[in-house]
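**Q** Take a look at the letters that make up each chain.
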Amino acid sequence: MLLAVVQTWPEEDGPSDAALMARVLHRDSRALELLYDRYSRLVYSLVLRIAQQPASAEEIVQDVFLQIWRNAKRYQAARGPLGPWLFTVARNRALDFLRLKREKQRRREDPEDFSILPAAVASPDPEGALDQARRGEQVRAQMGSLPEAQRRAIELAFFEGMTHSEISAAMGEPLGTVKSWIRGGLLRLREVLGEGFA
Amino acid sequence: MKECAQLAPLYEEFALGVLEGEERAELEAHLARACDVCTPGVARARGVVAQLAGLAPDAQPPASVKAKILRAATGSPAPTEAQKIPARRAVFPAWAWAAAAALALVTGYAVRQMQVLTSQLADLRRQMRIAENQNRALLDQIEIGRQVAAIVISPASKALKLMPTDTKMPMVVAYLHPQMGVALSAGQMPAVPSARTLQLWSVPKKGQPLSLAIFRPDAQGQVTIIAPVKMPMEEIALLAVTEEPAGGSPQPTSAPAWKAQVN
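Protein chains in written order, with the working numbering: chain A, 12 to 209; chain B, 1378 to 1640.
Accuracy of the hints is not assured; some may be wrong.
[Said to hold, decoys possible] Chain B residues, not near chain A, derived (Cβ > 10 angstroms throughout):
| # | residue |
| --- | --- |
| 1 | 1381 |
| 2 | 1395 |
| 3 | 1501 |
| 4 | 1510 |
| 5 | 1519 |
[Unchecked claim] If you want a taste of the chain A side facing chain B, the calculated C-beta under 10 angstroms gives, among others:
| # | residue |
| --- | --- |
| 6 | 80 |
| 7 | 94 |
| 8 | 182 |
[Unchecked claim] SDA-like, lysine to any residue: derived pairs with alpha carbons at most 25 angstroms apart:
| # | chain 1 | residue 1 | chain 2 | residue 2 |
| --- | --- | --- | --- | --- |
| 9 | A | 115 | B | 1487 |
| 10 | B | 1379 | A | 84 |
| 11 | A | 112 | B | 1487 |
| 12 | B | 1445 | A | 63 |
| 13 | B | 1443 | A | 44 |
| 14 | B | 1538 | B | 1511 |
| 15 | B | 1443 | A | 45 |
| 16 | A | 115 | B | 1485 |
| 17 | B | 1583 | B | 1547 |
| 18 | A | 115 | A | 181 |
| 19 | B | 1443 | A | 30 |
| 20 | A | 112 | A | 30 |
| 21 | B | 1443 | A | 161 |
| 22 | A | 84 | B | 1413 |
| 23 | A | 84 | B | 1411 |
None of these hints come from the bench; they were simulated from the model.
Ideal Cβ placement from N, Cα and C applies to all residues, glycine included.
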């Protein structure tokens, strides 16, 4: 059964992403500010979920948006919309941080307590928070319809940066089963949620 | 190389970062040559995968983040190749994490190397001790050989053949010197049980046998010993070897296994 396609990304009120990126390329800081307002909440939520440390998440978000500012010409609209590119950059940065942190912890040299802060931070923007919460609920609802193990496998991949083999080892499930779960889950996600930025 | 149609089902997995090995390499090869099917396919897949970000609990970055970004942006001139400098970090920047990780790796490597070197040094010391012991044993053998040679070539020495009572046993040769003592040599000697030993006696014409030495053949069945005579040669009736309990006996407890008449 094909469910209704849900748009999980920020609506583009005002100038399009492509138009804003063109302005950023010409050093228009107002365009950067608009992009920040459009995406920072989702980027920060994602990065905080992965890094589990607000101070580091803030730095990563800062880096990501300054990368947009400094390397705007690297973004090629023809290769796809800004959103996935932005989230891919943010996720990769956060996963790099996570791997470094794990390496440190593995060596028992990490003096920091990463468990002291909640994942969510109170929002000063109630309307935005509502939209964000609604979008999250929609994705969670679709993922929630998947069997627990299948959902867990996809979350390990997305938030922990694990490969097929690593997930197989972490879950104690055969590699083929894990591949099947992830492939099936992603195809379902594509069917249900669409491509988001298309 | 696989066709694009074969790779299409893998686009989302590639975007998710779970692909490994051959499948990943195949798709990367298509992207590297700007494949006009796979490149937009993966871009679309990134859109699908990126939506998983919606699973993250909602969180709002502090206002200070935006202020810092805008301050850094407006304070920075248009980017040039020379200006691709990482943004200044407020708390603990990534380069510091990287440096710390590198330092930890180097430290770990250094500690491991030190452990390896320490272990190698301990091995070398053990080998040196073994070599020293072997050297001492060799020097002892040389000294014994020198003394044996001195006794054997001395005109004052008397050559003796200690004949076995068991004819299957080898003969033992002895050279008796009035001052330098007795040199005894044999080969192909049978092994002696660990609870037993061989004992060399000088049996006087009158009185009790006198122990001269306790010995065992080596692993090759060789025996070379030097022992003091302890009594005038002319008073010795015979030399005898008996098998005794380990540690030797004050007096023989068994019949001689080898013996030679001296006087």
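**Q** Each of the hints needs a verdict: does it hold here or not?
**A** The hints, checked one at a time:
{"no.": "1", "hint": "1381", "verdict": "holds (16 angstroms)"}
{"no.": "2", "hint": "1395", "verdict": "violated (5 angstroms)"}
{"no.": "3", "hint": "1501", "verdict": "holds (30 angstroms)"}
{"no.": "4", "hint": "1510", "verdict": "holds (42 angstroms)"}
{"no.": "5", "hint": "1519", "verdict": "holds (56 angstroms)"}
{"no.": "6", "hint": "80", "verdict": "holds (5 angstroms)"}
{"no.": "7", "hint": "94", "verdict": "holds (6 angstroms)"}
{"no.": "8", "hint": "182", "verdict": "violated (13 angstroms)"}
{"no.": "9", "hint": "A:115 to B:1487", "verdict": "holds (17 angstroms)"}
{"no.": "10", "hint": "B:1379 to A:84", "verdict": "violated (32 angstroms)"}
{"no.": "11", "hint": "A:112 to B:1487", "verdict": "holds (21 angstroms)"}
{"no.": "12", "hint": "B:1445 to A:63", "verdict": "holds (21 angstroms)"}
{"no.": "13", "hint": "B:1443 to A:44", "verdict": "holds (8 angstroms)"}
{"no.": "14", "hint": "B:1538 to B:1511", "verdict": "violated (32 angstroms)"}
{"no.": "15", "hint": "B:1443 to A:45", "verdict": "holds (11 angstroms)"}
{"no.": "16", "hint": "A:115 to B:1485", "verdict": "holds (12 angstroms)"}
{"no.": "17", "hint": "B:1583 to B:1547", "verdict": "violated (29 angstroms)"}
{"no.": "18", "hint": "A:115 to A:181", "verdict": "holds (20 angstroms)"}
{"no.": "19", "hint": "B:1443 to A:30", "verdict": "holds (21 angstroms)"}
{"no.": "20", "hint": "A:112 to A:30", "verdict": "violated (37 angstroms)"}
{"no.": "21", "hint": "B:1443 to A:161", "verdict": "violated (37 angstroms)"}
{"no.": "22", "hint": "A:84 to B:1413", "verdict": "holds (21 angstroms)"}
{"no.": "23", "hint": "A:84 to B:1411", "verdict": "holds (18 angstroms)"}
Checked against the numbered hints above, the structure violates hints 2, 8, 10, 14, 17, 20 and 21; every other hint is satisfied.
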